[in-house]
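J.: Residue numbers (the numbering used here), protein chains in the order written: chain X, 1 to 218; chain S, 1 to 215.
Since the hints were derived computationally from the structure, they do not count as laboratory data. Errors might be hidden in some of the hints.
Simulated pairs of lysine to any residue, SDA-like, Cα-Cα distance not exceeding 20 Å [unchecked claim]: (1) X:50 <-> S:203; (2) S:210 <-> X:104; (3) S:185 <-> X:83; (4) S:185 <-> X:79.
This one's a predicted model, so the numbers in the text were calculated from it and none came from an experiment.
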Amino acid sequence: MAFAWLPGAVGDIARGALTTILLIAVTTLAGTFLSILGAAGGRNGPVLLKRAIAWYVEIIRNTPFLVQLFFIFFGLPSLGIRLDPVLAAMLAMTLNMAAYTIEIVGAGLDAVPGGQTEAALALGLRPRQVFIKIVLPQALKVIFPALTSQIVIMMLESAVVSQIAVRELTYEADMLQARTFRSFETYFVVTLVYLVLSMALRRLLVTGGRRALGAGVS
Amino acid sequence: MIEFTFWDIVRNLLLAARWTVLLSLAAFVGGGIVGLIVLFFRIAKNKWSRRIASGYIALFQGTPLLMQLFLMFFGLPMLGLRIEPWTAAVLGLTFFASAYLAEIWRSGVAALPLGQWDAGASLGLHYLQELRLIILPQAFSITRAPTVGFLVQLIKSTALTSIIGFEELVRTSNAINNATFEPFKVYGLVALIFFVMCFPLTQYARRLEKRVPAR
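Excised from the complex, chain X in its bound form:
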């Protein structure tokens, strides 16, 4: 093992890590928002919409993320949609995460007793207010641990977007090992960076969730 290259590589690794963090931040926000819409639509929407959402979830959950990424980045241009690698990565990650979180959010919505909706309606709230102010916060509280796990898993899966030349952590590792010829050491260090990132992300989400949603999140 030789780590003489490490001090000179700190900048590259940090830049790659920042991109990874940016990717997961965007994916978390967009994916969660999309999955709330998807879960609500899958429960209250017209039949066609329900069926479309169900198929969307099945297709994404039963195919590899890498193939989805290639499909979006290499396949869409033949339909005239050409995306920048970072945008393609964000889109693929968001679409992938939403399929998993639609089921999670849906389970949370089902867990809120129907009496809550009835009570809120009886108090004169409009249906949309009931959903946003009464049902959704309770659902999020129930599903927060599962949501946290999914976000961490997505961050780890984001390693493969290096394959479409997004300059995130894994891409920087590839560049470094090509320059230093110390492949094992490079990947070892970067793996540790991922480990720290995933533990920090989990910690952040758990404390953040506890503060925003109240106790009960572990």
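Following the hints, complete the assembly by docking chain S onto the known chain X.
T.: Below, chain S without anything else, positioned relative to chain X:
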């Protein structure tokens, strides 16, 4: 340039899919065996053994599979072992699967009432007999759904071994795509083949999940 008809593409992809299936099976069997060992450590009475197993699980669940594969592929040659992508792929996926399977099965062990252990002890069984006859069969049977669910995840994860050069479905599709320039069709077909492999398992896992009464 070689001309590919639609059926040439399909045939080549299906031939490559054999390797995806074989790799998934090898990793599932290997992961099951190593996972069982990790599980023994994880639920042992010794505190350090439990800590080591938790650390192992946290390590594999807290880092990207792609990095684990890279480390396997570049690490073993450092120990003087010449390694082919197939070996690195099987070993990498085996360790990855073992951590997840051990954790899934442990949740099954944790779900059993403590009385099950006491009952075993009162029948005069020693620790290993208790595990083999009472605890593990029940733990496996209540975690059958997540185990099948993980198999789906494992099949999808084999796609990553294309990046370290293992010639499975995705790597073959990259080669075909480079020759045909029809990414929409090629990756669409790859997605379809994966879907056909995974969807029945997903449905099966869902059926199993419904059978277990909610706790």
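J.: So, for every hint listed, does it hold in this structure?
T.: Each hint, compared with the structure:
no.	hint	result
1	X:50 <-> S:203	holds, 18 Å
2	S:210 <-> X:104	holds, 16 Å
3	S:185 <-> X:83	holds, 18 Å
4	S:185 <-> X:79	holds, 11 Å
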